[in-house]
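Chain order of the listed sequences is A and B.
In this text, residue positions in the first sequence follow my numbering: the first is 1, and each later residue adds one.
In this text, residue positions in the second sequence follow my numbering: the first is 1001, and each later residue adds one.
Worth flagging that the hints you see were computed from the coordinates, not collected in a lab.
Model, not experiment: these values are computed from the prediction.
Be a bit skeptical, because a hint or two may be false.
[To be verified] Ranges of calculated distance between the beta carbons of each label pair, as one might list FRET restraints:
#	chain 1	residue 1	chain 2	residue 2	range
1	A	Ala76	B	His1206	52 to 58 angstroms
2	B	Ala1059	A	Asp326	55 to 61 angstroms
3	A	Gly169	B	Val1094	42 to 48 angstroms
[Said to hold, decoys possible] Here's a subset of chain B near chain A, in silico, CB distances under 8 angstroms, partners left out:
#	residue
4	Leu1105
5	Val1107
6	Val1112
7	Thr1216
8	Pro1218
9	Asp1236
10	Val1243
11	Glu1359
12	Ala1363
13	Val1367
14	Phe1373
15	Gly1377
16	Gln1390
17	Asn1414
18	Ile1416
[Stated by the list, open to error] If you want the footprint, here are the derived chain A segments under chain B, 3+ residues with CB under 8 angstroms:
#	stretch
19	11–22
20	208–216
21	232–245
22	356–365
23	369–382
C-beta: ideal position from N, C-alpha, C; glycine also.
2 protein chains.
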Amino acid sequence: MTIDMQALGQQARAASRILRSQPTAAKNAALLAIADAIDAHQAAILAANAADVAAGQAAGLSPAMIDRLNLAGRLAGITADVRRVAELPDPVGVEFDARTLPNGLQVRKRRVPIGVLGVIYESRPNVTVDVAALALKTGNAVILRGGSETLRSNTALVDVIRDAIAGAGLPADAVQLIRDPDRRYVSELLRLSDYVDMIIPRGGNHLHQLCREQSTIPVITGGIGICHLYVDETADLAAALNVIHNAKVQRPTVCNALDTLLVQRSIAGQFVPAVVDRLARDGVTFRVDAETAALLAGQEGMTLAGPDDWDTEWLSLILGIRIVPDLEAAIAHIQAHSTGHSDGILTTDPAAMVRFLNEIDSAAVYVNASTRFTDGGQLGLGAEIAISTQKLHARGPMGLEELTTYKWIIVGENHIRV
Amino acid sequence: MTIDMQALGQQARAASRILRSQPTAAKNAALLAIADAIDAHQAAILAANAADVAAGQAAGLSPAMIDRLNLAGRLAGITADVRRVAELPDPVGVEFDARTLPNGLQVRKRRVPIGVLGVIYESRPNVTVDVAALALKTGNAVILRGGSETLRSNTALVDVIRDAIAGAGLPADAVQLIRDPDRRYVSELLRLSDYVDMIIPRGGNHLHQLCREQSTIPVITGGIGICHLYVDETADLAAALNVIHNAKVQRPTVCNALDTLLVQRSIAGQFVPAVVDRLARDGVTFRVDAETAALLAGQEGMTLAGPDDWDTEWLSLILGIRIVPDLEAAIAHIQAHSTGHSDGILTTDPAAMVRFLNEIDSAAVYVNASTRFTDGGQLGLGAEIAISTQKLHARGPMGLEELTTYKWIIVGENHIRV
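Take these sequences, add in the hints, and give me the full structure.
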């Protein structure tokens, strides 16, 4: 059966017009109803998910993919997150920049929902619930497009979510799912500019590229992090070792994990072997420049870096290591290879800190901390819809406020322009 | 000679990396140098412009186009604007949202330049100077693409601007011009996503459409205003007549001029003839619904509105008039036909004001004022690069702050994520 994407868009737009003027209490009631309904329908949701998992295993999906797909034991955490979103402050309706102009015109801005979001994602069905909750909280309708491998899980979740929203007196069309894995619906969604205001891709480089190429709707690209740490000769080396270990090893499969370590030459002879020794114990292998290779001749797990390696997001227990003469060379390397996600310096030199913070133009720039903190929850946003690495609208972790826009409100006493 | 757009992009990116860390004083000095240089080179600039004007006349451009093209008598105003931009506060470097997280991590945001802007515009060569000044003030490099009919003027202006920037010790490549009218360079610019961070089209619907379709870079669309005023039965009708006259007649060729007047039925018999009488004296003609036509049977300058007329931006002395039963019908008409630029209500009923402000989702929503105030200068921004009618990044008039983004700065004491 063909999906009428125009109709889907119109329904989402109509729902967004009702949603946008709902009081916070009504939106929160719907969120709690969703959490309760997921709890009540656990059995059906987990059965659908088990069918996705079985099909995925039969199709030969990797254990990592199967793990991302699997909801078993995770629903309680998911509904707890929905209840937490209900408790967050509502950014919609907040007024700011209010002033009275010299001619007496009263001008202010009011924070309002964006309208209709299109979210395209891959194998994690928990994203379905997260995104629906964040959209609803901010008065936005959403059209979801999950991966084909999670269609049964997403269908079960969205059915429960829509019923709960309707039961709470809000339009079920606030949350819609493209219930067909055919890729042409992704292309159609990207061109629904009459009805969709913002596209958020959550997936790999290929998906972001596709959205940039095809979309006539503004796209928030991001989530690709080739992250760097530079250790200068003044750094507290024992502490630096911990930070590097954390940035690489704590969760290597995510975008804010460390990809490339840059070490100042004057400390490389002492520090690089220490790094390799510490990280190799946790299974890390290394892609290194010729100088590092010479320094560590004979060490296992060491490969000379190829020309593309400095531009690769490892998402695994691989670390690039390069020795550089100084801060200037480190900055040049980062400017050439960073995706603008998260980059940091480990140093005790205040001048180096200032220069690094000024010259590195990434969404998150760090001094003496692990890159793993680039995360809406870690940075106090209370929630996260995506991490933007483009520069318009929002940069870095995006929370509730980043799902809103504003309108100008201008109140006069029959003012005319002269 | 073929333009190497990749090289243009690389040069702009390199210039932007120098510009972004310049102190305000250095940028202001370059702005004043530009203003002085334009004053000093008036004769050459005006000669180039006169050649454009002559060629335009020979090619049969309309008097309105020729007027927009003509710089004669306007350079002093243009350089005064550049000097005013130098006096505006610099948004770059401002830090905000600073806090210390419970784990001791210090987090703040810092306002930074966007990087490289691509600006595509049509016949007004003053835009060349305006945009160069606003970009420089905010630490952005810019690639300009003006209309073919202004190429001589733009070349003369950009040569003077680049020399002045270099003379002030900043990189001349901060301002680049695509010196070839071939349209393929527009398409190439729209795909220079490795080097350009934001596209601002300034022109008609066709240009905005082209940018949305072709660009792989975020585009700020806007500047198309189908603007509405709704007059309800409680309005001060004498004052309303002035506001409507101002919104339609004061400058009919611009995007914030009134396109469609909606009048509540209960006052239409009295008020619509008064509007027509007042505006017809200034040459306004009318596209009206059947009810208005019946009310004004026999009146000159009255045409029954066709199906596309409610979706037309008139940019001339034409006004659509439609009689509606009530506020709900007025809101429904605006939701169906507004481009989301500027829409207002004329009323003395507080409940109607609140409902209109809540339900109309345009960049600027008015109560008892002319739509002509949607303008960066009028609303106190000090400058304006564009008026956005899309919802991401910025909405309505965009000033200096809207030419910046932010980065997160995170300073720890060797913090690791647990």
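> What are the numbers of the hints the structure violates, in ascending order?
Replying inline: 15
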